[in-house]
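*Asks:* Next come the chains, spelled out residue by residue.
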Amino acid sequence: MSATGRKKAPKAARVRIDDELASFAADPELAEMFVADGLDHLGTIEQTILKLEASPADLSLVNDLFRPFHTIKGNAGVLGIRSIETFSHKLETLLDLARSGAHAIGPLEIELVLKAVDVLQLMVRELPARAAGQAVTDVASRCEALVADVDVLIAGGAATATVLAAVPQRADESTDPVETGVTWFPEQSTVKVSTAKLDALVDMVGELVIAQAILAEDPGVLRAGEERVARQLAQVRRITTEIQRNAMSMRMVPIRQTFQKMVRLVRDLSKSFDKPTSVTVTGDDTELDRKLVEQLTDPLMHMVRNTLDHGIEPRDLRAAAGKPATAEIRLKAFHRGGGVVVEISDDGAGLDTDRIAARAIAQGLIADSTAMTALEIHELIFRAGFSTAERVTEFSGRGVGMDVVRRNIQALRGRIEIHSERGHGARFCLHLPLTLAIVDGLLLRVGTERFVIPTPSVRESLRPLPGDVHSTHGRPSVVQVRERLIPLLHLGDAFGIRCTSERISDGTVVIVEDSGRPVALVVDELLGKREVVIRSLGEMFRGVPGIAGGAILGDGRIGLILDTGGLLALAASSQAQIAV
Amino acid sequence: MATTAIVAETRSTASAGANGGGKYLTFMLGREEYGLPVLKVREIIKVMDITHVPHVAAHVLGVINLRGKVIPVIDLRRKFGFAAQDHTERTCIIVAEVALSQAAVMMGVVVDAVSEVVNVSAAEIDSAPDFGGQNQTDYILGLAKVKGGVKILLDLDRVLGSDGPIAIRPN
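Heads up: the sequence lines are chains A and B, in that order. Be aware that the first sequence starts at 1, since it is given in the numbering used here, and climbs by one per residue. Be aware that the second sequence starts at 1, since it is given in the numbering used here, and climbs by one per residue.
Please keep in mind that the hints were generated in silico from the structure rather than gathered at the bench. Among these hints, one or two may not hold up.
Unchecked claim - Pairs of lysine-lysine, DSBU-like flavour, derived with a Cα cap of 35 angstroms:
1) A:Lys261 to A:Lys332
2) A:Lys73 to A:Lys90
3) A:Lys529 to A:Lys197
4) A:Lys115 to A:Lys271
5) A:Lys261 to A:Lys197
6) B:Lys46 to A:Lys197
7) A:Lys197 to B:Lys69
8) B:Lys69 to A:Lys192
9) B:Lys69 to B:Lys23
10) A:Lys192 to A:Lys323
11) A:Lys73 to A:Lys51
12) A:Lys192 to A:Lys291
13) A:Lys323 to A:Lys271
14) A:Lys291 to B:Lys69
15) B:Lys69 to A:Lys529
16) B:Lys46 to A:Lys529
17) B:Lys79 to B:Lys46
18) A:Lys115 to A:Lys332
19) B:Lys46 to B:Lys145
20) A:Lys197 to B:Lys23
21) B:Lys147 to B:Lys23
Claimed, not checked - Quick list of simulated restraints, FRET-style, between CB atoms:
22) A:Ile110 to B:Ala103: 48 to 54 angstroms
23) B:Arg90 to A:Arg542: 31 to 37 angstroms
24) A:Leu527 to B:Phe82: 34 to 40 angstroms
25) B:Pro129 to A:Val221: 31 to 37 angstroms
26) A:Lys291 to B:Ile44: 33 to 39 angstroms
27) B:Phe82 to A:Glu531: 37 to 43 angstroms
Just so you know, even glycine gets a beta-carbon here, dropped at the ideal spot from N, CA and C.
Start from the sequences and build out the full structure, keeping to the hints where you can.
*Replies:* So this is what it looks like as structure tokens:
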């Protein structure tokens, strides 16, 4: 059957389909149920068929495809919508053959099923308009055409060529429902909420969790010691935890879109670099805080560019190394230990330690690399101003690369790791928290003020012996911790607060690290570990050095959250003052 | 002189009713009485523990937790160059809405004592005096002669909003 032949479909059949849909739409309640159900199933079909396109040999996917079609057919049959029933049945027949192995699923079949999904979606979506007696898309002819195509495919043989020609032609047709403005059921039962409201909810729930924890540990409550109180508190805890989980999940989005951008970027870059590269994506349904996903895009793009530019070898080198002509980049996301790991790995050349060391020396970042381990040399790429590219390309080589990436990741309270093997490729792991709303921290006291330092940047805390604190220019400036001298930052002095401990050895030093550089914070007391909700101090306090935000503490007062990077800068400037 | 008057008039139209008249919350700073357009005032609270924020201008006392909201607190005495004074029973924080780089934010303003809400008619308002010098009286909406006294009507947006981010780099 040719494309022109299909167009001359019997008029009678077309009228029958329209009438059936109309009479069905006249019963809104039934229609609503059928439509919600049907759209759901069609969504599943669409997802499954796309998976099947990637792995056509997977017969279990065909089976997954068969079931929703069967359900739609069944429902339509019960409700007496013969048109949808016959149409679904036709596709079911094709899929039945496929799942028994009698018919192979190829690009044509996939295209056809997708088209059928479009038509079915149109049929159900336009039910409101049809019920209101308005003009709707002519689906009848498309149904007939598709049914004919299925027949051709089932028959197999030479006729398939005709179908092949006909498919793209139909792809131009609009599959959008005719705009009528008539709706009497929601497309999906979702509510649009502004992100600000959602953020406020998540913040307040965070406070609730903390308030609940404080209450549970309250001496008064513990003294009461009654089993009834304990039971009720446990119940409150269960409920708060559940609320928190729900509130958080509302703000979680899969990393899929970000990964998709990367896939596209690799495609474009591999063309412009002339390095054929394929991308494998795993775990793209891993969910992260919306804010994290947004702020992850730039660092990832940077790393993908670097991988293509520096990691993947040019064609000739790949051939010489006996590697497949098409390089591979793997994007991976997965949960690990209460956080999320995002990995970019490749089968390229890996980090060239000799070249990195040579460049770092040339750029004056280090004096000598002989005593450095491979890991330490890898670390060099995170130094500001480092660049291995001999020339500045459109994509990389400006030296504002990995240091910015690391800073961005750290701003998200995450860290970045490099695993690299010369000649076998590199793997960059980003370890990220699940959410930005809550931070684990150590509560510090300086005078009457309390501060929170995020745990990930804390190395250790100790009470130094008087002999371990050394002064320069009459002021204590370094502390010796084992064999290492670490610069001191007196938080009281830096923030203009009177400390209670007169000498450093009366207080505590907390050693924090940022970008591999340590600093020892001098504080009066360590008050313990706390989980706090990060609050912005607002527009007015933007750019206050050393302060990342505020947290409402157990007694209702605000404790400031310290920003390790900013503290290092403060330490550097205070040391510089001493040196003058 | 004439220019100043016009500027002051335009400003008052923008901030407090069509002619500068309206309700004002009055408060004391030293011996002077000031007024804020009542529509800008959210609430009046007792002085609570204020968390000091380092490296900010001296008149910024820090932040407080107002029922789960973190809001900055300003010392109006210091802002206007009065001598510092210990907080008393009557010391209050007026929580008001201030336009800060386009967005309205809540801010706390520490004052010596809150007096009352007065109705001021446009006829009772004089434009801010010009003491010479530049922009000195920028933030004064006008002077209100009410009940035998003079109240200084403030445009809080100009008192505080003009500051922008108030972080100062350590020297």
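*Asks:* Starting from the range 33 to 39 angstroms, see whether the pair Lys291 (chain A) and Ile44 (chain B) falls in it by beta-carbon distance.
*Replies:* 35 angstroms, holds
*Asks:* Are the Cα atoms of Lys115 (chain A) and Lys332 (chain A) separated by 35 angstroms or less?
*Replies:* Holds. Lys115 (chain A) to Lys332 (chain A) sits at ~32 angstroms (cutoff 35 angstroms).
*Asks:* Need the status of pair Lys192 (chain A), Lys291 (chain A): alpha-carbon distance at most 35 angstroms?
*Replies:* Satisfied, since the Cα-Cα distance of roughly 17 angstroms is no more than 35 angstroms.
*Asks:* Hinted pair, alpha-carbon criterion (35 angstroms max): Lys69 (chain B), Lys529 (chain A). Please report holds or violated.
*Replies:* 23 angstroms, holds
*Asks:* Are Lys192 (chain A) and Lys323 (chain A) close enough, with their CA atoms no more than 35 angstroms apart?
*Replies:* 49 angstroms, violated
*Asks:* Hint check: Lys79 (chain B) vs Lys46 (chain B), CA-CA at most 35 angstroms. Holds or violated?
*Replies:* Roughly 20 angstroms between the alpha carbons, so the hint for Lys79 (chain B) and Lys46 (chain B) holds.
*Asks:* Holds or violated: are the alpha carbons of Lys323 (chain A) and Lys271 (chain A) at most 35 angstroms from each other?
*Replies:* With a Cα-Cα distance of about 19 angstroms, the restraint between Lys323 (chain A) and Lys271 (chain A) holds, given a limit of 35 angstroms.
*Asks:* Taking only the CA atoms, is the gap from Lys197 (chain A) to Lys23 (chain B) under or equal to 35 angstroms?
*Replies:* 32 angstroms, holds
*Asks:* Is it true that the CA of Lys291 (chain A) sits at most 35 angstroms from the CA of Lys69 (chain B)?
*Replies:* 20 angstroms, holds
*Asks:* Holds or violated: Lys73 (chain A) with Lys51 (chain A), Cα cutoff 35 angstroms?
*Replies:* Given pair Lys73 (chain A), Lys51 (chain A) holds - Cα atoms ~22 angstroms apart, limit 35 angstroms.
*Asks:* Arg90 (chain B) and Arg542 (chain A), beta-carbon distance inside 31 to 37 angstroms?
*Replies:* Given range 31 to 37 angstroms: holds, Cβ gap about 33 angstroms.
*Asks:* Just to be careful, I want the Cα atoms of Lys69 (chain B) and Lys23 (chain B) compared with a cutoff of 35 angstroms; is the pair within it?
*Replies:* 27 angstroms, holds
Hint check: violations occur at hints 10 and 25; the rest are consistent with the structure.
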